[in-house]
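Colleague: Following the hints, position chain S with the ligand against chain P.
Single-letter residue listing:
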Amino acid sequence: MKTSAAPRLPERHESLWRLIVSPTVWAVHFMLSYITAAVWCAKYVPRSGTLEPVRWLIAGYTLVALGAIAWNGWDGYRRHRHGASELPHDADTPGDRHRFLGFATFLLALLSAVAVAFAALAVLYFHDCR
Amino acid sequence: MVHFLSATSARSRPHRAGAASAVAVLLAGCSGPQSSLDPAGAGAREIADLFWWMAGGTVVVWVAVAWLTYSAVRGRVAEQTARQARYYIIGGGALFPTVVLTALLLHGFRILPPLLAPAPPGSLRIAVSGEQWWWRVQYQPDGEEPVELANEIRLPVGEPVEFILDAPDVIHSFWIPSLGGKMDMIPGRTTRLTLQATRTGTFRGVCAEYCGESHALMAFPVVVMAKAEFSAWLAAQRAPAQAPADPLAERGRAAFLQNGCAACHAVRGTEARGRIGPDLTHVGGRMTLGAGVLTNNRAALVRWLAHTDRVKPGVLMPHFGMLPAAELDAVAAYLESLR
Ligand SMILES: [Cu+2]
Chain P
1 MKTSAAPRLP ERHESLWRLI VSPTVWAVHF MLSYITAAVW CAKYVPRSGT LEPVRWLIAG
61 YTLVALGAIA WNGWDGYRRH RHGASELPHD ADTPGDRHRF LGFATFLLAL LSAVAVAFAA
121 LAVLYFHDCR
Chain S
1 MVHFLSATSA RSRPHRAGAA SAVAVLLAGC SGPQSSLDPA GAGAREIADL FWWMAGGTVV
61 VWVAVAWLTY SAVRGRVAEQ TARQARYYII GGGALFPTVV LTALLLHGFR ILPPLLAPAP
121 PGSLRIAVSG EQWWWRVQYQ PDGEEPVELA NEIRLPVGEP VEFILDAPDV IHSFWIPSLG
181 GKMDMIPGRT TRLTLQATRT GTFRGVCAEY CGESHALMAF PVVVMAKAEF SAWLAAQRAP
241 AQAPADPLAE RGRAAFLQNG CAACHAVRGT EARGRIGPDL THVGGRMTLG AGVLTNNRAA
301 LVRWLAHTDR VKPGVLMPHF GMLPAAELDA VAAYLESLR
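The listed protein sequences derive, respectively, from chains P and S.
Numbering-wise, the numbering used here puts 66 at position 66 of the first sequence, and it's gapless, one number per residue.
Numbering-wise, the numbering used here puts 111 at position 111 of the second sequence, and it's gapless, one number per residue.
Think of the hints as simulated: they come from the structure by calculation, not from any bench.
C-beta: ideal position from N, C-alpha, C; glycine also.
A couple of the hints might just be wrong.
[Unchecked claim] Reference excerpt, derived from the structure (chain P facing chain S, CB under 10 Å, subset only): (1) Arg18; (2) Asp92; (3) Phe118; (4) Leu121; (5) Leu124; (6) Tyr125; (7) Phe126; (8) His127; (9) Asp128.
[Unchecked claim] Some but not every residue of chain P turned toward chain S, in silico, with C-beta under 10 Å: (10) Val45; (11) Arg78; (12) Leu110; (13) Ala117.
[As the list claims (entries may be wrong)] Okay, the calculated beta carbon distance ranges per label pair: (14) Ala117(S) with Gly60(P): 21 to 29 Å; (15) Thr69(S) with Leu111(P): 47 to 55 Å; (16) Arg81(P) with Gln84(S): 21 to 29 Å; (17) Thr191(S) with Gly60(P): 27 to 35 Å; (18) Met31(P) with Pro97(S): 18 to 26 Å; (19) Cys30(S) with Ala38(P): 54 to 62 Å; (20) Ala239(S) with Phe118(P): 24 to 32 Å.
For reference, chain P alone in the conformation it holds in the complex:
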């Protein structure tokens, strides 16, 4: 599909929802990791107790989160490459809106992936509840 005629776009009304998927995944990953560790340390082990199960759980959350972000980022990237147009996609046309939102989604996905990785890195260093 090489032309960017409006009717052929995959959706009729460009939606903003897909833009915030990655940042939302980041927020949820952060909250879940934090809450899991807090509840574990408060309810299940003494103050110097092990964090081992939490580390594995957070590793799991991280894989799921990165997967979701990759999917959302790839989706954005595809929209960014839709048709033939150069950055910065700022023409007032449905095609450029589509590409612009795709590109923004892609960038947000990259940022969110880094943020999720930052949060997850903590489990490499902390082995107990202190």
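Modeller: Quick look at chain S with the ligand alone, frame taken from chain P:
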């Protein structure tokens, strides 16, 4: 105020005019009894190193950005292709900050667990309770009876010491910048902090969490001593109070008991067993009075007793300014004799 408490101890620095003295003033903040940048403890060393690395890195980044800004506005940079410009944006705007932040994050993670690790079993423990606006201090040497004191902390050099921290009233924070990081003291919870002093000396600790009217007047001297000296000191502190040696101090002791001081203060070895205020068994041997507020001497003791609320606004000890001067002097003589 007490001289060792002043942060700008620029004594003994060569005095030159203009820029030199400005630099001296700035540098004075880097040393002294309460500076994280003049570490005397293992934790403070890590924190100071981190600070210098970050400060250095910040300068480099700042200069680079300033240079870029200048050359963008003023410079005769050769025309850039869109591709080159993109490298600048992606490299300088995204990759570089990510790499720098990752490095800082990993370094921070690396130094945290050792800073939070407990002292090895058998180490000296010191329970410190942050009270409005003073410090209750209980030494708990391994296998010995605890010793309760207040408003001053002494440590053996080179040994890890575990502080067990709490607070009965509001949140305080325990911080000896020269020795290490700070730790909150939270009502209903016990927090811990291990400090290991690396050289002897006198330092200053503070409350680092706003806790009410006299928060800024809630400090304490910290004395790091050789191990043997410390043991001798602690043994002396463990002993009950000395009986007054002269008639003035003797009258002071009677006045102390008559005026109700014992309702709030303990003097071990006498009938004074109050727990509301600081233990006074060896108050005469402390460097300061009122949690780091006055240099401890007879005149300061009188001042504290007569004008407690002026020395420390909001203080939870009533002033005794209504007592005759002779009686105040006698009480001060008694307290001074409690070494
Ligand atoms: Cu305070």
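Colleague: CB of Ala117(S) to CB of Gly60(P), is that within 21 to 29 Å?
Modeller: Given range 21 to 29 Å: holds, Cβ gap about 28 Å.
Colleague: Holds or violated: is the Cβ of Asp92(P) closer than 10 Å to a Cβ in chain S?
Modeller: 22 Å, violated
Colleague: Could you see if the CB distance from Thr69(S) to Leu111(P) stays within 47 to 55 Å?
Modeller: The hint (47 to 55 Å, Cβ to Cβ) is violated, given that Thr69(S) and Leu111(P) are roughly 24 Å apart.
Colleague: Please verify that hint: Phe126(P), Cβ, nearest Cβ of chain S, below 10 Å or not.
Modeller: Hint holds; Phe126(P) Cβ to chain S Cβ min 6 Å, cut 10 Å.
Colleague: Restraint: Val45(P) near chain S, CB-CB cut 10 Å. Satisfied or not?
Modeller: Nearest chain S Cβ about 15 Å off; hint violated.
Colleague: Does the nearest C-beta of chain S fall within a distance shorter than 10 Å of the C-beta of Tyr125(P)?
Modeller: 4 Å, holds
Colleague: Looking only at beta-carbon atoms, does the pair Ala239(S), Phe118(P) fall within the given range of 24 to 32 Å?
Modeller: Violated - the Cβ-Cβ distance for Ala239(S) and Phe118(P), about 55 Å, lies outside 24 to 32 Å.
Colleague: At a threshold of 10 Å, is the proposed contact between Ala117(P) and chain S supported by beta-carbon distances?
Modeller: This interface hint holds because 8 Å falls under the 10 Å limit.
Colleague: Does Asp128(P) pass the interface hint, meaning its C-beta sits closer than 10 Å to a C-beta of chain S?
Modeller: 8 Å, holds
Colleague: Does Leu110(P) pass the interface hint, meaning its C-beta sits closer than 10 Å to a C-beta of chain S?
Modeller: 8 Å, holds
Colleague: So, Leu124(P) near chain S? Judge it on the closest CB pair being under 10 Å.
Modeller: 7 Å, holds
Colleague: Can His127(P) be said to touch chain S, with a Cβ gap under 10 Å?
Modeller: Holds, about 8 Å.
The structure fails hints 1, 2, 10, 11, 15, 19 and 20 (numbered hints given earlier, in ascending order).
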